[in-house]
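Trainee: Just so you know, the protein sequences line up as chains E and L, in that order.
In terms of the working numbering, the first sequence has 45 at position 45, counting the first letter as 1, and numbering is strictly consecutive.
In terms of the working numbering, the second sequence has 48 at position 48, counting the first letter as 1, and numbering is strictly consecutive.
Keep in mind the hints are simulated off the structure, nothing from the lab.
Treat each hint with caution, since some may be false.
[Stated by the list, open to error] Partial selection, computed: residues in chain L whose CB lies under 8 angstroms from chain E:
#1 56
#2 61
#3 64
#4 109
[Claimed, not checked] Far from chain E, some chain L residues (derived; all Cβ distances over 12 angstroms):
#5 3
#6 43
#7 63
#8 115
[Stated by the list, open to error] Straight-line distance between alpha carbons at most 30 angstroms, and here's what the computed BS3-like set of lysine-lysine pairs gives:
#9 L/9 <-> L/67
#10 E/100 <-> L/22
#11 E/100 <-> L/67
#12 E/69 <-> E/58
C-beta atoms are modelled at their ideal positions from N, C-alpha and C, and glycine is treated no differently.
The chain contents come next:
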Amino acid sequence: AQSVTQLGSHVSVSEGALVLLRCNYSSSVPPYLFWYVQYPNQGLQLLLKYTSAATLVKGINGFEAEFKKSETSFHLTKPSAHMSDAAEYFCAVSDQGTDKLIFGTGTRLQVFP
Amino acid sequence: DTAVSQTPKYLVTQMGNDKSIKCEQNLGHDTMYWYKQDSKKFLKIMFSYNNKELIINETVPNRFSPKSPDKAHLNLHINSLELGDSAVYFCASSQTSGFLSTGELFFGEGSRLTVL
Chain E
1 AQSVTQLGSH VSVSEGALVL LRCNYSSSVP PYLFWYVQYP NQGLQLLLKY
51 TSAATLVKGI NGFEAEFKKS ETSFHLTKPS AHMSDAAEYF CAVSDQGTDK
101 LIFGTGTRLQ VFP
Chain L
1 DTAVSQTPKY LVTQMGNDKS IKCEQNLGHD TMYWYKQDSK KFLKIMFSYN
51 NKELIINETV PNRFSPKSPD KAHLNLHINS LELGDSAVYF CASSQTSGFL
101 STGELFFGEG SRLTVL
């Protein structure tokens, strides 16, 4: 069965610091991988997705993620955190071409001035 | 123009009552979903419909009954509400092409259900 594990339920960084949110996946077939962001009292929105093309994926708001098959990882990074990045971030996996997304447990990002 | 809209946003009710949450999407997508997010933010798929047909049903109690009158609407009716049903329920939609999906879901803002 597919799954994703997000290491660290809470991550705190200073404004301007590097953001690194970790995600490892488990899948018996090449997966599609996603990062979604949830701002307070809102629904989730897609940040970026990996669908077996380029391994380095750029998303919105300056975020990017790198698919590393050898490490079964898809970590999310941003070079310089902004206060507006404070939110809950979810990693998700699906079988190629299916509707069913399996979400991780989420990582809350706090950004301090 | 809200792409995926849910009503109501907040719902407070007593145990044993029946309630419904409505969802509409104006994106022209052919697949819609209900997800449940618990108090620890864990998101779990409940149902998905493709062109009004049930595709995914994730071992959800029979008290939960989705209904899709057309591909732009997916409603969720819950009978005999229990304390454990308290959660935020998210509707989402996506576009599929045959059996292929982009995997990109567009979410509504959620409906927070509190059962007392």
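Trainee: All hints are to be evaluated individually against the structure, with a verdict given for each.
Mentor: To see whether the hints hold, each was checked on the structure:
no.	hint	result
1	56	holds, 6 angstroms
2	61	violated, 19 angstroms
3	64	violated, 17 angstroms
4	109	holds, 5 angstroms
5	3	violated, 10 angstroms
6	43	violated, 4 angstroms
7	63	holds, 22 angstroms
8	115	holds, 20 angstroms
9	L/9 <-> L/67	holds, 19 angstroms
10	E/100 <-> L/22	holds, 21 angstroms
11	E/100 <-> L/67	holds, 19 angstroms
12	E/69 <-> E/58	holds, 18 angstroms
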